[in-house]
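Asks: Here the protein sequences come in this chain order: A and B.
Numbering of the first sequence is given in numbering that gives the first Met the number 0, commencing with residue 0 and proceeding in unit increments.
Numbering of the second sequence is given in numbering that gives the first Met the number 0, commencing with residue 0 and proceeding in unit increments.
Quick caveat, the hints were computed from the structure, so don't treat them as lab data.
Treat the hints with care, since some could be wrong.
Now the stretches of chain A that chain B is said to cover, found in silico as 3 or more residues with beta-carbon under 8 Å [stated by the list, open to error]:
(1) 5-12
(2) 15-22
(3) 98-108
(4) 126-140
If you're wondering where the values come from, they're calculated on a predicted model, not measured in any experiment.
Note that CB positions come from ideal geometry on N, CA and C, so glycine has one too.
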Amino acid sequence: MIALLTQAINLFAALLLILAFAMITQRRVLNLVHLFTAQGLALAAATLDVGYLTAQPHLYASAAATFLLKVVLLPALLHRLINRLQVRWDVEPLLNAPLTMLLGIVLVVFAFNLATPIAALASSVARSTLGIALASVLLSFLMMITRARAVAQVIAFLSMENSLLFAATAATNGMPMLVELGIALDVLMGFVILGVFLFQIREQFDSLDTRHLERLREE
Amino acid sequence: MPISPFAFVAQLLQLAVALAAAPLLVGWVNQWRAWLQNKTAPSVLQPYYVLHKLLLKEAVVAENASPLFRVVPYVVFACMALACAIVPALSTDLPLAPAADAIALVGVFALARVFISLAAMDVGTAFGTMGARREMLIGFLAEPALLMSLFCASLISNSTSLTAIVNKVAHSHFQLYPSLAFAGVAFTIVSLAENARVPVDNPATHLELTMVHEALILEYSGRHLALIEWAASLKLFAYSCIGLALFFPYGVADAHAPLAMLVALPALAGKLAIGGLLLALIETVSAKMRIFRVPEFLATAFVLAVIGLLVHGLLEA
Chain A
0 MIALLTQAIN LFAALLLILA FAMITQRRVL NLVHLFTAQG LALAAATLDV GYLTAQPHLY
60 ASAAATFLLK VVLLPALLHR LINRLQVRWD VEPLLNAPLT MLLGIVLVVF AFNLATPIAA
120 LASSVARSTL GIALASVLLS FLMMITRARA VAQVIAFLSM ENSLLFAATA ATNGMPMLVE
180 LGIALDVLMG FVILGVFLFQ IREQFDSLDT RHLERLREE
Chain B
0 MPISPFAFVA QLLQLAVALA AAPLLVGWVN QWRAWLQNKT APSVLQPYYV LHKLLLKEAV
60 VAENASPLFR VVPYVVFACM ALACAIVPAL STDLPLAPAA DAIALVGVFA LARVFISLAA
120 MDVGTAFGTM GARREMLIGF LAEPALLMSL FCASLISNST SLTAIVNKVA HSHFQLYPSL
180 AFAGVAFTIV SLAENARVPV DNPATHLELT MVHEALILEY SGRHLALIEW AASLKLFAYS
240 CIGLALFFPY GVADAHAPLA MLVALPALAG KLAIGGLLLA LIETVSAKMR IFRVPEFLAT
300 AFVLAVIGLL VHGLLEA
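Put together the whole structure using the sequences plus the hints.
Replies: Written out as structure tokens, the structure reads:
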């Protein structure tokens with residue numbers, strides 16, 4: 000049973016990576032929100048699993064907080080946001096998807112190689128999944144760079160935070176509760192600010208394309 | 000090593016089951032697809048009626064068709080029947096299985112594809128040529144992804160033989176393999192493309208601009224068409240069995256317990272029924288994509304399979 004649960008952590012990590020890849024290639028805004036919800040669910044399950052294996056009750060609280068925040072609250076806010084921005088059924092332009100995916104493979108190889116020596120030093124149960132967590136972080140970065148519309152960039156930012164949290168759990172068997180609560184609040188605040196920002200962008204340019212922000216105009 | 004009588008029976012039984020049940024699988028998928036789309040479903044036996052009707056009809060062949068055109072249905076049918084005989088669906092004790100490992104199996108599918116594309120171009124109609132071009136485009140993108148996802152499973156059992164893969168996963172201590180999650184997604188995408196299912200091709204359409212599989216076989220009629228349709232259902236059956244062998248091989252009999260075949264048969268039927276239902280579900284919730292999106296779709300499969308190999312190196316080595 001213990002062996003199976005240890006393998007289950009690896010499986011959840013693999014799911015996180017698959018979902019990160021799915022997000023990179025997903026064009027529909029609504030599906031991006033669904034994928035983000037699934038990622039939160041995988042993260043909560045992985046945290047719960049690590050908590051049980053290392054007998055740390057505070058990880059249960061962390062898993063519950065992850066579930067409430069990432070699976071219930073943030074997706075609900077995202078749904079409200081895309082409804083009010085009227086981008087629920089939008090299909091995003093995607094620049095050269097095959098090239099992005101090949102870049103994704105390069106990032107994964109890089110992250111795996113980078114994480115191997117670090118993981119050798121760690122003593123946590125999930126240390127071998129550190130490479131996967133790192134790869135997910137880099138993939139979210141890639142998504143933030145390649146996407147033109149602001150909503151997808153926000154979702155990429157949130158997904159990066161998911162991966163970072165998983166990296167912390169994998170490397171150290173979970174951070175202190177205080178740090179996690181701080182991060183959770185930060186993310187929530189960041190989301191609120193970004194939400195306001197999105198409305199401002201649309202007001203100014205009549206679109207959510209962030210490329211409009213690159214040119215400086217005098218008025 | 001002499002072939003045991005049990006192995007011989009297993010081989011014959013598996014081939015017979017594949018030939019008999021393949022149209023039933025197609026009928027099952029079509030029925031569920033119709034139900035899920037709020038349509039009145041055709042009978043689950045409909046593919047048999049179609050085969051029966053076509054076999055009774057006269058085969059009309061174009062005047063300028065070469066002998067190749069007449070031979071191809073038999074070649075394609077033989078390839079698919081061989082594929083069904085090789086994949087360990089009921090038992091791993093198959094005398095034919097050592098004849099072809101996973102790589103050769105991909106070669107068998109490629110052989111059928113080349114011949115059917117040649118036949119489509121043989122008569123010289125515009126649709127046939129167009130269909131052949133598209134089929135080759137999809138095929139050459141799907142093959143590397145298929146090989147990579149097969150390699151993911153091969154790395155676990157250290158063998159490219161499908162029977163060894165099934166033996167390793169089904170008959171040893173239960174273990175979760177994260178790399179197989181990647182390979183599974185990749186294999187699903189490849190199967191959809193190779194079997195001309197909805198996101199890539201619609202098996203139920205004769206709309207000129209979108210059809211791939213139907214364009215290839217437009218010139219065939221009568222018993223030739225019946226054989227090709229039967230071969231297409233065998234292909235779906237073979238792919239389903241490969242998927243089950245790689246990712247869910249539980250319940251397959253082996254050489255030590257030939258009587259487990261009695262359990263293996265209902266187990267296979269149950270697994271295929273669930274698989275067919277999932278296929279119908281995928282086809283219902285996804286829309287057919289433009290042909291120029293297909294390379295991207297299949298590139299995703301390739302990327303996922305490659306990452307499966309990398310994850311195997313990271314987590315399972």
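Asks: All hints, please: hold or fail.
Replies: Okay, the hints, checked on the actual structure:
1. 5-12: holds (count 5)
2. 15-22: holds (count 3)
3. 98-108: holds (count 6)
4. 126-140: holds (count 4)
Every hint, counting from the list given before, is met by this structure.
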